[in-house]
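Peer 1: Could you build all of it, start to finish, from the sequences and the hints given here?
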Amino acid sequence: MKLDRKEYLALSQKASPPSPSLKNVPAAFFTGGAICALGQFFKGIFLGWGMEDKAAGTAVSVTLIFLGVLLTGLRLFERAAKWAGAGTLVPITGFANSVAAPALEFKTEGFVLGVCVKMFSIAGPVLTFGISASVLYGLLLYLFGGAA
Amino acid sequence: MIYVKAFLVGGVICGLSQILIDRTRLTPARILSAYVVLGVALTGLGLWEPVVRFAGCGATVPLMGFGYTMAKGVSEAVMQQGLLGALTGGLTASAGGIAAAVFFSLLAAVIFSPGDRS
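As they're listed, the protein sequences go chains L and Z.
Be aware that the first sequence starts at 30, since it is given in the working numbering, and climbs by one per residue.
Be aware that the second sequence starts at 4, since it is given in the working numbering, and climbs by one per residue.
Take the hints with a grain of salt, since some may be wrong.
Stated by the list, open to error - Stretch by stretch, here's where chain L covers chain Z in the computed footprint (C-beta under 8 Å, at least three residues):
no., region
1, 9 to 16
2, 39 to 47
3, 60 to 72
4, 77 to 84
5, 100 to 109
As the list claims (entries may be wrong) - Derived, one-sided and incomplete: chain Z residues facing chain L with beta-carbon distance under 10 Å:
no., residue
6, Y6
7, Q21
8, I22
9, L23
10, I24
11, A89
12, T91
13, G93
14, L94
15, P117
Derived from the structure by calculation, the hints contain no laboratory data.
Idealized CB from N, CA, C, for every residue including glycine.
Peer 2: Right under this line is the structure:
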């Protein structure tokens, strides 16, 4: 069977179930909100330990990343993400999962070409764009003075 | 109070992202990349700092916060080191998170087995 692009899209749209957006959005709202509140809770603890604000922010990221990787390893993250969607993807836990999940999944393809290469399959573009954007911003600041 | 604000703002960002995902079928790699770049851009325009001041982790934990951290790092580094800072600032500021994600994931790959996905 030969299909052109339009026919294929029409077919795949018919075959894929309608996304239950009405349930997805509140699920993402509550999960994402809860993860951010959890981050705020950790930040309070770190500030209480006498960390300065910037260090406490980094410590919050590291803690949430640790939890994200751990839950990915225990295969609980995937289950939560199925329900929460963007609620687990958009916070920094989603970044952690995007590194840990392919690293784990491609373990069978070897340590170097599996784990180490594939862990950047999503993080790679994120880092490339993020770093490039920050360098561009730095150049603009250097050329046109401290606008920020 | 800051916990409520963090919850609400973080929740709204994730809820809006869910609508974006449902409507457009953007892949996670594209969404995550776009959000980091968006974070850099909004911080550069001076629009994200007020959100961070209002919502704390509600603005820094979502991936725009990653871009925010990079942009702030770059602007400090450019002030201190000039042109070289444009290259060093972003990664230096975000190094903790990146190193954590890479190292913990490596550990996880050693400890856990992939298993079949059911």
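Peer 1: Against this structure, judge whether each hint is valid.
Peer 2: Outcome of the hint check:
no.: 1; hint: 9 to 16; verdict: holds (count 8)
no.: 2; hint: 39 to 47; verdict: holds (count 6)
no.: 3; hint: 60 to 72; verdict: holds (count 10)
no.: 4; hint: 77 to 84; verdict: holds (count 5)
no.: 5; hint: 100 to 109; verdict: holds (count 8)
no.: 6; hint: Y6; verdict: 5 Å, holds
no.: 7; hint: Q21; verdict: 4 Å, holds
no.: 8; hint: I22; verdict: 6 Å, holds
no.: 9; hint: L23; verdict: 8 Å, holds
no.: 10; hint: I24; verdict: 6 Å, holds
no.: 11; hint: A89; verdict: 3 Å, holds
no.: 12; hint: T91; verdict: 9 Å, holds
no.: 13; hint: G93; verdict: 3 Å, holds
no.: 14; hint: L94; verdict: 6 Å, holds
no.: 15; hint: P117; verdict: 5 Å, holds
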